[in-house]
Amino acid sequence: MQPLVQIEHLAKRYRARSQSSRKEVVALDDVSFAIVSGSTFALVGASGSGKSTLAFCLACLERPTSGKIWFDARDVTALSEKQLRRVRPEIQLVFQDPALSLNPRMMAEEIIAEPLAVQRRFEPRERRERALLLLERVGLLREMARRCPAEFSGGQRQRLAISRALVLEPKLLIFDEALSALDCSVQAQIANLLLDLQSAFGLTYLFITHDLAMAAHMAREVAVMERGRIVEQGLTKNVLRRPEHPATQLLLAAAPRFARPRTGAGL
Amino acid sequence: MEPLLDIRDLQIEYQSSIGELCRALDGVSLSLRPREILGILGESGSGKSTLAASLLRLLPPNGFVRQGQILFEGKDLLLADRAELERIRGGRISLIFQEPGVALHPTLRIGRQIEEVLRAHDSPDAASRRERSQDALSSVFSSDAERIYSSYPHQLSGGQRQRAVIAQAIACRPSLLVADEPTASLDPATQSEILLLFRQFKEQLGLSLILITHNPGLLAGFADRVAVLYAGEIVELGPADAVLQQPQHPYTRALLQCMPLLDANNGTELDSRLPVIAGDPPDLSAPAGGCRFAPRCPERMEICTMREPVAVQLNDTHQVSCFKYGG
Chain A
440 MQPLVQIEHL AKRYRARSQS SRKEVVALDD VSFAIVSGST FALVGASGSG KSTLAFCLAC
500 LERPTSGKIW FDARDVTALS EKQLRRVRPE IQLVFQDPAL SLNPRMMAEE IIAEPLAVQR
560 RFEPRERRER ALLLLERVGL LREMARRCPA EFSGGQRQRL AISRALVLEP KLLIFDEALS
620 ALDCSVQAQI ANLLLDLQSA FGLTYLFITH DLAMAAHMAR EVAVMERGRI VEQGLTKNVL
680 RRPEHPATQL LLAAAPRFAR PRTGAGL
Chain B
18 MEPLLDIRDL QIEYQSSIGE LCRALDGVSL SLRPREILGI LGESGSGKST LAASLLRLLP
78 PNGFVRQGQI LFEGKDLLLA DRAELERIRG GRISLIFQEP GVALHPTLRI GRQIEEVLRA
138 HDSPDAASRR ERSQDALSSV FSSDAERIYS SYPHQLSGGQ RQRAVIAQAI ACRPSLLVAD
198 EPTASLDPAT QSEILLLFRQ FKEQLGLSLI LITHNPGLLA GFADRVAVLY AGEIVELGPA
258 DAVLQQPQHP YTRALLQCMP LLDANNGTEL DSRLPVIAGD PPDLSAPAGG CRFAPRCPER
318 MEICTMREPV AVQLNDTHQV SCFKYGG
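These protein sequence lines are chains A and B, in that order.
The numbering used here puts the first sequence at residues 440 to 706.
The numbering used here puts the second sequence at residues 18 to 344.
No lab work stands behind these hints, which were simulated from the structure alone.
Accuracy of the hints is not assured; some may be wrong.
Said to hold, decoys possible - Calculated Cβ distances over 10 angstroms to all of chain B for the following chain A residues:
hint, residue
1, Tyr453
2, Ala473
3, Glu501
4, Leu523
5, Arg525
6, Pro528
7, Arg559
8, Arg560
9, Glu562
10, Arg566
11, Pro609
12, Asp622
13, Cys623
14, Val625
15, His656
16, Val670
Stated by the list, open to error - Distance condition first, Cα-Cα at most 20 angstroms in a straight line; then the derived SDA-like pairs of lysine to any residue:
hint, chain 1, residue 1, chain 2, residue 2
17, A, Lys462, B, Arg290
18, A, Lys676, B, Ser289
19, A, Lys676, B, Arg290
20, A, Lys676, B, Gln172
21, A, Lys462, B, Gln172
What the hints assert, rightly or not - A short list of chain A residues far from chain B (calculated; beta carbon distances all over 12 angstroms):
hint, residue
22, Lys521
23, Ala538
24, Pro543
25, Glu549
26, Arg569
27, Pro588
28, Phe640
29, Arg680
Please read these numbers as outputs of a predicted model, since none were measured by experiment.
Here a beta-carbon is modelled for each residue, glycine too, at the ideal position from N, C-alpha and C.
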């Protein structure tokens, strides 16, 4: 079966606009991988390794310098801007800071319904109903529908951002460090929610993180990035069991691995 | 040995604009020895940032200390006058926050910023200030110190900015460093480097550190002792290994179980659901009687909703506030 996403030799270079140099910054260099439909693919790496640039290219928000991106059997790198506008709703981003997607002056139900309005789908009443259903689907309450983002906790705001990302019924969700800023107990709740939503809606995820333990928990496959290149990739359990590249080993060294507490100890 | 810092029964409240009182810290007692790393493990709403701010009397205008003492080197900081406080802030106790941007002036070069701190404290002349500033940077940047000295904050990466803040914090050789989520915005490799720096300062400069974080992984193998903060109270306190590997309080256990961990083979259960702590932290403006964690506690007993538990010593070094152990 064809993968939902196929990335081939992707490269992205920026011309540095500083007064001292006219150098090029190589953000992505010959990146290739594929994501199977309905699965989760993790992208790990240190800050500046190119993960977010890749996310933006995949979401069709940046044009790569060269290479191809196949999404649902279409070469999106060859599409015109007008054609891209029809593809973008199928790929949604969830960021580390939900404030980036939540208008602080809008109510929750408006925030979730807004993409439908922009895309001119359905009548206002149906948009509102779909928004309310999604609100509940992500674990929030209907009573919260008329609250503004400031009245939600960090974890709740992230749930709100996720429900907004789902309203256009995308095929692919890209999570860019979406759990990193949350408390540990909240991370667990949201991770569970993402897994539930994935099986309910048949979603495909690209999960970008520097938390290897979370990547191992969520993703079947992983790619490790360093300075714009993929230095190691494969099934998560294999990459972690026998890491070959120093970048992977470094990330592993920083992952917590203390023994799980035994319940009943000390009683 | 007299503790470096001795917090006794600290209670801090915030007053909302409509007069509601919220008790953010309710009787916190902690002590810290010289050359000790104390980890404070707490999630949002636990009161950890209030604790950090209170140590240097940096509470916002609507926050006030209802009772308690903060004894530093034997003297109560809550009774210190303004001159004394200014001497201590940055000079004897330094604070580091999650966002380095908060502590760095955007239009001053890094070296100059550190010299400003030195000038405010005790450095007599420009030449010695420059030297101490460069020393501070060298102790934090193994190779780039000269370049960083002449750089502006925006020319540095996140990790470099945080290191610059740390250099600024230790420039006056304080005896206590308080770091509130100092590595939260940094990637794991940089996190490890920063922790290593802290450990070096403990050993070489005799510094004590209070590291406040919601991430237990940061404290494992790093902190000497760990205090677990929940809803304004310390629910467990003991040696780091004991608290993190054999937690006694139901909240500590539940919190540690939420984390996806890599096992000995660097594996984990794919697609399984992580255990979660049901419910949300309590509303501290309207505390129900009884143990604060009771509504969410999987081991709740009847007494838990009726009275608040007191700290019980499990042994010389480990205490827990939970009716399962008496109290």
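Each hint tested on the structure:
With a least beta-carbon separation of about 16 angstroms from chain B, Tyr453 (chain A) lies farther than 10 angstroms from that chain, consistent with its non-interface assignment. With a least beta-carbon separation of about 19 angstroms from chain B, Ala473 (chain A) lies farther than 10 angstroms from that chain, consistent with its non-interface assignment. Against chain B, the non-interface label of Glu501 (chain A) holds: every CB pair exceeds 10 angstroms, the least being about 21 angstroms. The beta carbon of Leu523 (chain A) is kept farther than 10 angstroms from every beta carbon of chain B, the shortest such distance being approximately 31 angstroms.
With a least beta-carbon separation of about 32 angstroms from chain B, Arg525 (chain A) lies farther than 10 angstroms from that chain, consistent with its non-interface assignment. Non-interface status of Pro528 (chain A) relative to chain B is upheld: no Cβ of that chain comes within 10 angstroms, the nearest being about 27 angstroms off. Remark: the non-interface label on Arg559 (chain A) is consistent with the geometry, its nearest Cβ contact in chain B lying 37 angstroms away (cut-off 10 angstroms). Every C-beta of chain B lies more than 10 angstroms from that of Arg560 (chain A), the closest at about 32 angstroms, which supports listing it as non-interface.
With a minimum CB-CB distance of about 35 angstroms to chain B, Glu562 (chain A) clears the 10 angstroms threshold, and the non-interface call stands. At roughly 29 angstroms, the least C-beta separation between Arg566 (chain A) and chain B is larger than 10 angstroms, which holds for a residue marked as non-interface. In this structure Pro609 (chain A) is separated from chain B by more than 10 angstroms, as the shortest Cβ-Cβ distance comes to about 21 angstroms. Distance to chain B contradicts Asp622 (chain A) as a non-interface residue, since its nearest Cβ pair spans about 4 angstroms, not more than 10 angstroms.
For Cys623 (chain A), the requirement that its beta carbon stay farther than 10 angstroms from each beta carbon of chain B is not met, with the minimum near 5 angstroms. The non-interface label for Val625 (chain A) is inconsistent with chain B: the shortest C-beta to C-beta separation is roughly 8 angstroms, within 10 angstroms. His656 (chain A), annotated as away from the interface, has a beta carbon of chain B within 10 angstroms; the closest lies near 4 angstroms. With a closest Cβ-Cβ approach of about 14 angstroms to chain B, Val670 (chain A) is found to remain outside the 10 angstroms limit, as its non-interface label requires.
Simply put, Lys462 (chain A) and Arg290 (chain B) have alpha-carbon atoms about 47 angstroms apart, too far for the 20 angstroms limit, and the pair is violated. Among the hinted pairs, Lys676 (chain A) with Ser289 (chain B) is consistent with the structure: their alpha-carbon atoms are about 14 angstroms apart, no more than 20 angstroms. Between the alpha carbons of Lys676 (chain A) and Arg290 (chain B) the distance comes to roughly 17 angstroms, so the proposed pair stays at or under 20 angstroms and holds. Restraint check: the Cα-Cα separation between Lys676 (chain A) and Gln172 (chain B) comes to about 38 angstroms, which exceeds 20 angstroms; the hinted pair is violated.
Between Lys462 (chain A) and Gln172 (chain B) the alpha-carbon distance is near 16 angstroms, which keeps this suggested pair within the 20 angstroms criterion. The claim that Lys521 (chain A) is not at the interface with chain B holds, since no C-beta of that chain comes within 12 angstroms of its own (minimum 37 angstroms). With a minimum CB-CB distance of about 14 angstroms to chain B, Ala538 (chain A) clears the 12 angstroms threshold, and the non-interface call stands. Every CB of chain B lies more than 12 angstroms from the CB of Pro543 (chain A), the least distance being 19 angstroms, so the non-interface label holds.
The beta carbon of Glu549 (chain A) sits about 24 angstroms from the closest Cβ of chain B, which is more than 12 angstroms, so the claim that it is off the interface holds. Every beta carbon of chain B lies more than 12 angstroms from that of Arg569 (chain A), the smallest distance being close to 26 angstroms; the non-interface claim holds. Remark: the non-interface label on Pro588 (chain A) is consistent with the geometry, its nearest Cβ contact in chain B lying 15 angstroms away (cut-off 12 angstroms). The claim that Phe640 (chain A) is not at the interface with chain B holds, since no C-beta of that chain comes within 12 angstroms of its own (minimum 15 angstroms).
Not every Cβ of chain B is farther than 12 angstroms from the Cβ of Arg680 (chain A); the closest lies at roughly 6 angstroms, contradicting the non-interface assignment.
Going through the hint list in order, the structure does not satisfy hints 12, 13, 14, 15, 17, 20, 29.
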